[in-house]
Each structure stands twice: as C-alpha cells, then as structure tokens.
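Please work from the sequences and hints to get the whole structure.
Count the sequence shown with our numbering and you get residues 1 to 149, in order.
No wet-lab data here; the hints were simulated from the structure. Beta carbons: idealized from backbone N, C-alpha and C, even for Gly. Warning: the hint list may mix true and false statements.
[To be verified] Straight line, CA to CA, 20 angstroms or less: simulated PhoX-like cross-link-like pairs of lysine-lysine:
#	residue 1	residue 2
1	LYS5	LYS146
2	LYS126	LYS97
3	LYS97	LYS82
4	LYS146	LYS113
5	LYS82	LYS115
6	LYS115	LYS97
7	LYS46	LYS97
8	LYS82	LYS140
9	LYS30	LYS46
10	LYS91	LYS130
11	LYS126	LYS113
12	LYS97	LYS146
13	LYS130	LYS146
14	LYS140	LYS5
15	LYS146	LYS91
16	LYS97	LYS113
17	LYS82	LYS5
18	LYS113	LYS140
19	LYS140	LYS115
20	LYS46	LYS31
21	LYS140	LYS91
22	LYS97	LYS5
23	LYS146	LYS115
24	LYS126	LYS115
25	LYS46	LYS91
26	LYS113	LYS91
27	LYS130	LYS113
[What the hints assert, rightly or not] Ranges of calculated distance between the beta carbons of each label pair, as one might list FRET restraints:
#	residue 1	residue 2	range
28	GLN48	VAL95	46 to 56 angstroms
29	LYS126	ILE56	44 to 54 angstroms
30	ILE11	LYS115	23 to 33 angstroms
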Amino acid sequence: MNIYKVIFYYIGIIIVCIVFINMLYNLVTKKYKEKLSKEQLSKNPKIQYFQTCFYIAGIIFSGICVCTIGVSGIRDLPFVLKNQYPHVIGKIVEVDKTSHGDFSVIIENEITKEKLDIGFIHKNLKEGEKVEVYYLPHLKIGSIYKIQQ
1 MNIYKVIFYY IGIIIVCIVF INMLYNLVTK KYKEKLSKEQ LSKNPKIQYF QTCFYIAGII
61 FSGICVCTIG VSGIRDLPFV LKNQYPHVIG KIVEVDKTSH GDFSVIIENE ITKEKLDIGF
121 IHKNLKEGEK VEVYYLPHLK IGSIYKIQQ
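Okay, structure coming up:
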C-alpha cells in the first residue's frame, strides 16, 4: 500500500484532533474573548454572540470529524504499524467517481463473494477487471493493482 497516502490521512487526523482540542479549550477557558478588544465588544455586543456561535459550530464540526475519521484511523493503526494490510483478490463490480475527483470501487472477493467498497486515486480501472487490493478496513482507503491475465 502507498505509505505516503496513509501518512497523509494520519496527518489530517492529527491536525483535526489538535484543532478540536484547541477550540474546546478556548471555549471552556473563554480565551477566545481576549482576542477581541473591549472597545469592539462595547460598541457591538453581537460580536461576542456570533463568535461564541462560531466556536460552538467549529467544535461540533471538528468533533464529528474526530469521531468518524479519527476513530477509524485509530482502529486501522495496528495494520499501519505492522505494515501488514488486509488484501483481497477479486473483480471490480462498480466504479464511481466521487465529488472530490477520486474514485470509489466496489470489488467482489473471489473466495467469499463478499463486496468491498474502497476509495482510491486511480483512473484506469474498469468494471470486470481482476484486481488485487491492499486496504485499511475502517478508513476504506487502499491501493488497487491490476492482475494481468
């Protein structure tokens, strides 16, 4: 599996966790209010209200990211540390282009006939091709290699 792709995902997870903890700390200790001068607050008290709402919305958004991506990343960490990724050999059932420009593939395992949905960045795959996939089971990302027949 492409180690750079895995490192990129984990760096993103760490950054989101740091932002979440920092925003939560600033909200609890009310340090975010120190960034506004008292003159601004006295002229327009709505600034404080909107800033508090913005912080709460940011905390909710980053909390959702931490809960979804962060927990999945932590669950996949043993595979990354051992450098032993689960792999499947099968045929591509469906190829979908996502809104981010990358692709999602549904692969049917040859042995168990189980379908596996994997996100990847590769554009030369078609339905019906036989492939070998190395993936992270919880993050649902992986590297897909064509098998020449």
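Hint numbers not upheld by this structure, sorted from lowest to highest: Violated: hints 3, 5, 7, 16, 25.
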